[in-house]
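On the provided structure of chain A, position chain B as indicated by the hints.
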Amino acid sequence: VSWAARLTVFRQTVYRALAAGFDRPHERLRADGRSGIDVLADLGLYEHSVAPWIVEYLHQLRSADLMEMEECRMAMFEVGSGTHACPPLESAWRARSSDPNAAAILQAELEGFYRRIGLSLTRQDTYTPDHVVVQLEVMSLLCGREATQHTTAVRAAPSRDHQLWLLKEHLSIWIPAFTRHLERVADLPLYVALARAARAFVIYDRDLLDLLEADPSHHP
Amino acid sequence: MTRVILCADHTTPDLGPGLGFEVEFVPRLCTTPRLFGVGRGGPLVVGVHPSELDLPMLQAELRRHGLDPLGVPLVDLTAAADAATLRVTLAGATARARAFPGSQPEHIKLLRPRRLSRRAFLALGSPVAVAAPWLDHDRCVAGRGCRTCVDACPAGALRWVGGAVDHDKGACVACGICVTTCPVGAIENPAVTPTALEAQVRAIVATGGRAVAFVCRDAERVDLEPGWIPVAVPCTGMVTAGWLLAPLVIGVAAVTALPCEATGCPLSNGARVATALNDARAILKALGLPSERIGTRPADDPEPLSCTGPEGLFGAGSDQRVIAALAEAASVTSGGASLAGAAVGSVAIRADACTACARCAQSCPVGALQARQEGVTIVIDFDPASCVACGQCERTCPELGAGAIEVARGFQLEDWNAGRRRLREDQTPMCVMCGAPVAPGAMLRRIVEALGPGQDALVSLLSSRCTRCRGR
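Each protein sequence line maps, in turn, to chains A and B. Residues in the first sequence are numbered consecutively from 217, following this note's numbering. Residues in the second sequence are numbered consecutively from 47, following this note's numbering.
Isolated chain A (complex conformation) (with noise of 0.2 Å):
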């Protein structure tokens, strides 16, 4: 396996697990925090600057109390309110626009996106599309496809591309400010660890898929 398909494969599960954690709690949560370093380390997880703050989220995983877990997210992410409010949302992040249909016009651009990837939210998605579970699954998707092409020796750009668009138009601009808030009203150390993985890695990935981009030799 080249290296560029292993890097591939560790971000489509690094955004699988922080999208799991952003999501309801689910029975197996836990299992995936014991197995998830194993496999993350088989894929090159300690070759990546990362590494600290995914290893910690993963710790704080296995020993989750998912009756905890759902109490403070619904008080984070749903309650919409109070002292611990904090919407996973990239409308409510986003720079206050006076236009008030700037969050039904992002959702629209993301839904359009969504579409020309060939995806589309069904009417059982209680999720919008500019909710943080929906953009990371949709980068842990993409990634996969990627992983695909790298092995059907099969040029990568297009999905690269759409990772592109994703992180730097959307990921990297809403999520380091949503997590740094997230840390704060946070009462649960997994939340928090999650928070600073989740930043951590949006961070960490559009840097390097800058690098690649720089660098044409480490394209597949």
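For the record, the hints were derived by calculation from the structure and aren't laboratory data. Incorrect hints may appear among the rest.
[Said to hold, decoys possible] Rough simulated footprint, nothing fancy, chain A against chain B, three-plus residues with beta-carbon under 8 Å: (1) 106-115; (2) 144-158; (3) 247-254.
Yeah, the Cβ is synthetic: ideal placement off N, Cα and C, and Gly gets one too.
For chain B alone, coordinates are given in the frame of chain A:
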């Protein structure tokens, strides 16, 4: 206790007993880093041979052991001329490792390794993580118009956009020049914090080090004579005159900084290094102290200066503290020098050109210039001991073209000792409606001149009512 691991591949001098830290020798540490004996966490120093080092692999290995690579000083074993030098160098590095404040995701910049190991060459391995400066927007005074860091950045990575400084990490070369030029210490780099640097120099002095040389972190070659203790910084272009003098206050007998050109560094900040060296010499000369302690190591190996310097000698605005400590050591209360790059200065205002608008005081990032209303008089005063010569007052002065304000880089001890002094005062008519100050008299006279004759009603309104009451 801090641990030190050294690459055992080449001959390393016998360090002897009583080191104050544990030392372990590891074979092939540079080529195939494996830290089997190292437990998790805790301060660590690694001694390496840079020309053979697989840095991405070493960083991965450090992370595997729960260590932050940015907080693990790498000591160049080839630069140490003898066992005594290596002992002191390692003591300094251990103090620096202990003072590491921890890094944040924003501090990390990824670079392609300058030298690819065989493994990385075949596998196109991971990038190297280096510490990059990070701007704390809460402390930054760009909103007042300050753009000192923007002007100083040699890579054009800092831009002033709409009242805020934007840091482009992709363009940043992580040289750290912005860290030492920021007048309020709003830019930080965890790999070279003022506290860690001071701890390192104090440890060097405590273990018998007599001469300190600032060297580039990425220097390809460091040719130092025996006795010089290297202190690695991201780029010697960030070394200020204050940094060169601070070790003298702490107890070192001689200090230097190697310019980029001497070490094969591509950043080419040699002119900045030369300016800092010249300024440091000029300051010593002005204080009657031997200037040959900067840049060279005197042959007679003189005693260190006896200073009772305060702490915080490497932080923002430390140039003044260092000069004051040296002046006290030399028992000097008068004299001064004109300088080319040091962050000390004085401001002069020409009363006939100044309108006393106080924009200079509002924009001063360190509060050296302050404006206040005393009854019917507006007063602008100045504390020369606080001025960092950033030139912000000049840039924001609306009467700069008329030569209303001038900043001179340098210091006069008499001025410092005299404390805050009045630079400008002007009478201010008070509003007939609310009693608030209308505008300084000089400003009103300038407006009357601009309006020309025949505008008596307007002039009367402008000089008798404040801006809030004019529409009533």
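Outcome of the hint check:
{"no.": "1", "hint": "106-115", "in the structure": "holds (count 7)"}
{"no.": "2", "hint": "144-158", "in the structure": "holds (count 7)"}
{"no.": "3", "hint": "247-254", "in the structure": "violated (count 0)"}
Checked against the numbered hints above, the structure violates only hint 3.
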